[in-house]
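Here's the letter readout for the chains.
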Amino acid sequence: MNVPYEHHFTWVDRINPGGYALISESPKVDTLVIFVHGFLGDAEGTWLNFQEMIDSHHARYPRWAECDVFFFAYPSFFQEITDSAEDFLRFITTIYRTPPNWVFSIPKPSPGIPGTVLALDLPEHTYKNLICPVGTMCHNRLCSPLPS
Amino acid sequence: MLAASVVESFLWLHLGTEIGAFPGTASRDIYQSYLRPFFRSLLSTDAKAREEMEMDRLYVAHSEISDAMRPMLGRFAFVLLEKAMRQEEIFSSEQAKFSRPERLKAVFQTFLILYSRLTSRRSVELFTYQVNFADAPTWRQNWNKPCTAKEVERADIEHSSISSSICAGYLNLWNYAVKLMMTEQNLRGNAELAADLFRLTDRLKEMGRWRINLKHLSSSERFDDVRVRIMEKLDEDAKDDLSRICVKEIRTSMDNAFSFWFSAAPTPVPQYA
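Same order as they appear, the protein sequences are chains G and S. Taking the working numbering, I'd label the letters of the first sequence as residues 1 to 148. Taking the working numbering, I'd label the letters of the second sequence as residues 149 to 421.
Treat the hints with care, as some may be off.
Have a look at the derived ranges for each label pair, beta carbon to beta carbon [stated by the list, open to error]:
id: 1; chain 1: S; residue 1: Asp-350; chain 2: G; residue 2: Thr-82; range: 42 to 50 angstroms
id: 2; chain 1: S; residue 1: Glu-200; chain 2: G; residue 2: Trp-11; range: 38 to 46 angstroms
id: 3; chain 1: S; residue 1: Asn-338; chain 2: G; residue 2: Lys-28; range: 22 to 30 angstroms
id: 4; chain 1: G; residue 1: Lys-28; chain 2: S; residue 2: Ser-366; range: 51 to 59 angstroms
id: 5; chain 1: G; residue 1: Pro-75; chain 2: S; residue 2: Asp-204; range: 50 to 58 angstroms
id: 6; chain 1: G; residue 1: Pro-4; chain 2: S; residue 2: Lys-293; range: 23 to 31 angstroms
Derived by calculation from the structure, the hints in this document are not laboratory data. Only a predicted model underlies this, so the values are computations on that prediction, with no experimental measurement involved. All C-beta atoms, glycine included, are put in the ideal place defined by N, C-alpha and C.
Whenever a hint applies, use it, and build me the whole structure from the sequences.
Okay, structure coming up:
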């Protein structure tokens, strides 16, 4: 079965050193998903296999075709958490110019649940939705907070 | 080393084009504009050798640089290198012959992300150079300088000694090998993908092997030196039972990951006690 719309990988080093994105070729993209890895992870390893699964599992999770997916990188415990948080906010506001209010009061994710949803919908922009799963290892499954 | 890096990039382009992850037209344009002149430049400057090649009495007039790549590259890669140096069509040559290449696009991207992040690290560049290309006195001078765990930890984010970067490079290569292995293992259960996935990972492993060229004695010994020093330092720091268990886990993981990477190599990776 052919994938109707694929995602194409690109680094986003200019706005986030070490970060990268999988950009959908669908004309119906309306959602921005930003994955944030945990303190002992990294932007590639924490989401290992996920990069492949959003296209290979399109039949079961077609909603992903309408999402651009960013993988935010930060230097883990090499940097103060407040600095990392500020980097993250700058990153969001670069891509999503008018972020929703919740972005500035990010709730603590529930422990043990990978891909905790921290997001809402936001109309009137290229992206209508912003979703930020916060990371722990989820190698073998889609930790999708999106409707399938 | 720079030439080997460019050849490696070309191999990724070749593989990605076969899979369809890179558009064929764009790949050929890039090849024509950037890589074709590069491969031409690898030819010997000896006029007689080049004439022999033009008369088809010599297959390729190798330069010192291209000849040095022979033991570093796998068979398919060296065949491609020679064809490229002869300015022959290369995208239809030495293909992996996947049965359903379109199914591999996404997984190829995953591997590309992992590998390009690995190779962007300063420590990996230094490790690759020092282990494979530095002459013996340079290697000894750099490697014999002691370094701390803190320096190794920060080697990729701030200026540090070459020996700490070599250790960090080794750890980054281990990290990559683990991820490569995990990705392959996670996808192995997919029956319709299995044969193609095996071909793909086999090719990727081969493409990256020049960074730890175990076919070359000095590279192999230097690789072993780095590994032994890291394990000794970990053993020294393991003061309690829990730490010793962790060190044992790390040792096992390193053995498994590097064995996986070198599993199809003509010279098997040494098993360290």
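Status of each hint after checking the structure:
1. Asp-350(S) / Thr-82(G): 42 to 50 angstroms: holds (46 angstroms)
2. Glu-200(S) / Trp-11(G): 38 to 46 angstroms: This hint holds: roughly 44 angstroms between Cβ atoms.
3. Asn-338(S) / Lys-28(G): 22 to 30 angstroms: holds (28 angstroms)
4. Lys-28(G) / Ser-366(S): 51 to 59 angstroms: About 56 angstroms separates the Cβ atoms of Lys-28(G) and Ser-366(S), which means 51 to 59 angstroms holds.
5. Pro-75(G) / Asp-204(S): 50 to 58 angstroms: Roughly 56 angstroms apart at Cβ, these two residues keep to the hinted range, so it holds.
6. Pro-4(G) / Lys-293(S): 23 to 31 angstroms: violated (56 angstroms)
When the structure is compared with the earlier hints, a violation turns up for hint 6 alone.
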